[in-house]
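The task is simple: from the sequences and hints, build the whole structure.
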Amino acid sequence: MKAIAVIDFETTGLSPHQGDRATEIGAVLMENGKIVDRYQSLMNAGRHIPPFIEQYTGITNEMVRKAPPAEQVMQEVADFVGDRPLLAHNAAFDKKFWDAELSHVRRVRRQEFACSLLLSRRLYPQAPSHKLGALVNYHGLPVTGVFHRALADAEMTAHLSMRLVEQVRQRYGLRSVPHELLCSIQAASRHKMDRCVEAYFGRTAAQAG
Numbered sequence: 001m002k003a004i005a006v007i008d009f010e011t012t013g014l015s016p017h018q019g020d021r022a023t024e025i026g027a028v029l030m031e032n033g034k035i036v037d038r039y040q041s042l043m044n045a046g047r048h049i050p051p052f053i054e055q056y057t058g059i060t061n062e063m064v065r066k067a068p069p070a071e072q073v074m075q076e077v078a079d080f081v082g083d084r085p086l087l088a089h090n091a092a093f094d095k096k097f098w099d100a101e102l103s104h105v106r107r108v109r110r111q112e113f114a115c116s117l118l119l120s121r122r123l124y125p126q127a128p129s130h131k132l133g134a135l136v137n138y139h140g141l142p143v144t145g146v147f148h149r150a151l152a153d154a155e156m157t158a159h160l161s162m163r164l165v166e167q168v169r170q171r172y173g174l175r176s177v178p179h180e181l182l183c184s185i186q187a188a189s190r191h192k193m194d195r196c197v198e199a200y201f202g203r204t205a206a207q208a209g
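Numbering (UniProt numbering), first residue to last: 1 to 209.
One or more of the hints may lead you astray.
[Said to hold, decoys possible] In silico DSS-like cross-links for lysine-lysine, where the CA-CA straight-line distance does not exceed 30 Å:
no., residue 1, residue 2
1, K34, K96
2, K96, K66
3, K131, K2
4, K2, K66
5, K96, K131
6, K66, K192
7, K34, K2
8, K95, K131
9, K192, K96
[Unchecked claim] Listed next, with one range per pair, are the computed distances between beta-carbon atoms:
no., residue 1, residue 2, range
10, R195, G19, 25 to 33 Å
11, P125, K34, 41 to 49 Å
12, R175, Q72, 37 to 45 Å
In short, the hints are calculated from the structure, not lab data. All C-beta atoms, glycine included, are put in the ideal place defined by N, C-alpha and C.
Encoded structure:
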């Protein structure tokens, strides 16, 4: 797999469309199946963190008040990520906040998100749960820090993605697994994955020709 960026947000709530903002972001860069760089920062977007979110993440209002402005953090992390394809666990959540926070600094994401939660559902339907913590335990992956903190979750998602990529590679006898293929697999039903992979390589062969 080529270089990708794995990201994770902690936030004040579930939806930027309802005024929620990010409180922390973690990002790791992966190349050739290894983590090669990391970025983490709390971020102050001027939003109050509800008590139950403080308890859930361990990020307090006092911590965020001392953090750099959200706009500064997003400029830094956008430069850090560059144009690499993106991956997150439950990417629908992180995608919303990534796009919303970038919009505050007038930057636009053009990369597609792969989702390790959707991929896990397709590749490991027998797993008892597809929450990140449960999958880390199920696969015996490294616990790299406290769950529900952005950098630790991003690192554990990166390790999970390596396991998922290896499963795809072995199942279909591939030398490498393109990010675009992961995005195709996650959009397919579990019973149509074989057809999805065949269709992907048929398209790429036609485009190459």
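Quick rundown of the hints versus the structure:
no.: 1; hint: K34 / K96; result: holds, 27 Å
no.: 2; hint: K96 / K66; result: holds, 25 Å
no.: 3; hint: K131 / K2; result: holds, 26 Å
no.: 4; hint: K2 / K66; result: violated, 36 Å
no.: 5; hint: K96 / K131; result: holds, 19 Å
no.: 6; hint: K66 / K192; result: violated, 49 Å
no.: 7; hint: K34 / K2; result: holds, 11 Å
no.: 8; hint: K95 / K131; result: holds, 17 Å
no.: 9; hint: K192 / K96; result: holds, 28 Å
no.: 10; hint: R195 / G19: 25 to 33 Å; result: violated, 42 Å
no.: 11; hint: P125 / K34: 41 to 49 Å; result: violated, 28 Å
no.: 12; hint: R175 / Q72: 37 to 45 Å; result: holds, 41 Å
In this structure, the hints that do not hold are numbers 4, 6, 10, 11, in rising order.
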